[in-house]
Amino acid sequence: MGDFWGTMAEAISLILQWDTDLIGIIALSLRVTLTAVAIACVIGLPLGAVVGAFRIPGRTLVTVVLNALMGLPPVVVGLIVYLMLSASGPLGPLQLLYTPTAMIIAQTILVTPIVAALTKQVVEDLHGEYAEQFASLGVGRIDRVLALLWDARYSLLTVALAGFGRAVAEVGAVLIVGGNINHVTRVMTTTIALETSKGNLQLALALGIVLLVLAFCVNAAVMAVRASAVRAAYV
Amino acid sequence: MCEALRDTPMPPTPVAAPASPVLVSAAGLCFDAGGKRLIDDLDIRIREGRCSVIMGANGAGKSLLLRLMHGLLTPSAGEIRWRGRPMDRAARRAQAMVFQRPVMLRRSVLANLRFALSVRGLRAGDRDSRIFEALRRARLEDMAHRPARVLSGGEQQRLAVVRALACDPELLFLDEPTASLDPSSAQAVEDLIAHARARGVTVVMITHDPAQARRLGEDLHFVHSGQVVESGPVQAVLDHPRSEAAQAWLDGRLFVAPGQSTPT
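Sequence order for the protein chains is D and U.
The letter at position 141 of the first sequence is residue 141 when you use this note's numbering, and the numbering goes up by one with no holes.
Plus 235 on top of the position in the second sequence (first one is 1) and you've got this note's numbering.
In case anyone wonders, no lab produced these hints; they're calculated from the structure.
There may be inaccurate statements among the hints.
Said to hold, decoys possible - Here are the simulated distance ranges between beta carbons: (1) D:F216 with U:R358: 46 to 52 Å; (2) U:G388 with D:L146: 27 to 33 Å; (3) U:A262 with D:R59: 45 to 51 Å; (4) D:R141 with U:D474: 46 to 52 Å; (5) D:R31 with U:Q335: 49 to 55 Å; (6) D:V65 with U:V257: 49 to 55 Å; (7) D:L146 with U:S419: 33 to 39 Å; (8) U:D486 with D:E129: 34 to 40 Å; (9) D:D143 with U:G388: 47 to 53 Å; (10) D:E129 with U:G467: 36 to 42 Å; (11) D:H183 with U:R358: 29 to 35 Å; (12) D:L146 with U:R381: 19 to 25 Å; (13) U:A379 with D:R31: 39 to 45 Å.
Stated by the list, open to error - Among chain D residues calculated to face chain U with C-beta under 8 Å, some are: (14) D3; (15) A147; (16) A232; (17) Y234.
Think of the CB as a built atom: it goes at the ideal place given N, C-alpha and C, for glycine as much as any other residue.
Using the sequences provided together with the hints, build the complete structure.
This is the structure:
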């Protein structure tokens with residue numbers, strides 16, 4: 001028990017020293033995660049909205065696939081992206097393996113089905129409420145999708161949050177495609193795994209604390225926005 | 236209906252020519268759902284410039300009929316015509332509908348109106364004057380920036396009516412627009428309907444209130460078991476119903492038609 005509190009104290013001390021290596025790791029983690037979530041939202045929000053709002057051919061199949069992909073094993077995604085980006089893979093000439101871009105690609109693949117599947121559910125519920133009014137007004141398909149996404153924006157914040165949670169905590173895929181190279185592709189989760197294996201528990205715990213605080217802050221911010229929207233009856 | 240409603244003078248209703256042209260007609264209309272025929276070989280004619288009231292028991296098919304005429308549902312058989320021609324996109328855009336439970340977008344009162352008008356392709360400059368007029372008419376100017384969903388039921392229904400009217404329809408469908416409203420809210424909605432009538436908008440309205448039908452309506456179509464069993468001037472149908480179903484409904488009796496298993 002004494003060891004735990006001692007390690008915790010050293011970890012907090014490391015954070016308070018504002019170590020440049022630590023800052024670099026945190027910054028790269030946030031850059032990779034936020035970029036992946038943003039790309040996943042650009043793809044997943046309209047995809048989910050279209051599947052949720054319209055009786056398109058193959059809708060059930062798309063829904064099943066999206067739901068199944070929500071549980072994609074990160075190491076499998078990492079392996080597939082690795083094979084695609086490796087020198088002998090189809091995207092080898094791009095030379096993206098072991099770069100932050102490769103990590104963003106892997107995280108985007110992991111997060112997009114989550115965003116799309118949850119968006120589909122949110123939009124489907126809202127469309128059930130709006131459908132007759134839209135039909136009566138003669139709202140076109142594109143306007144319909146945009147209106148649904150806009151009116152569901154506070155619920156979709158929670159969807160994006162779910163994607164952020166998945167991406168920021170992910171370790172398997174980014175480890176495979178990023179390689180955990182110091183000052184290049186080393187992010188919080190991969191560093192925690194590495195430092196723990198090396199017995200450097202202070203740094204691992206320091207990063208763990210930062211990760212928890214970040215997750216808490218992002219959740220709190222989204223919940224605050226959503227609560228204000230609920231009070232204003234926009235949800 | 237309360238005295239307040241009965242005694243309140245309504246705006247003048249335009250007098251239509253005795254033989255107004257038919258705006259919407261349906262012939263041999265059928266609609267099936269869940270293996271049951273809910274609208275059964277129904278014929279109806281809605282005359283232009285008039286207020287047609289549709290009455291009938293719950294489950295008779297009144298709301299279905301409105302949705303079929305407005306194009307929200309596709310008939311299983313039969314045809315709906317607009318000025319004698321098949322209903323097309325332009326005809327549908329000349330119509331608007333207000334639902335029994337108003338559908339408010341998760342936006343401000345102003346944004347609800349703005350959305351409806353932008354969908355109809357109005358330019359921003361033209362939109363603003365119509366929005367201002369609609370808010371004034373619905374007495375919602377002070378609530379323009381409030382979320383529409385926090386308005387009371389009566390305020391939401393007024394907003395729904397002026398939102399529909401702001402689209403400048405030739406034909407307005409109203410599905411029990413004052414159901415579950417208190418007398419003063421119902422009065423406010425009736426004022427808006429009377430204003431629409433004064434502008435020459437053809438109105439088709441479902442109501443269960445004979446007094447309201449007398450106040451607002453000119454023609455009455457009585458629906459029973461998915462068929463229009465009686466049509467005529469409101470006064471005549473309400474005072475001297477010819478069909479057994481209308482007689483029974485007005486007397487507050489259950490009526491079971493021959494071959495019908497359950498009363499309506």
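Task: Violations among the numbered hints, reported as their numbers in ascending order - done: 3, 9, 11 and 14
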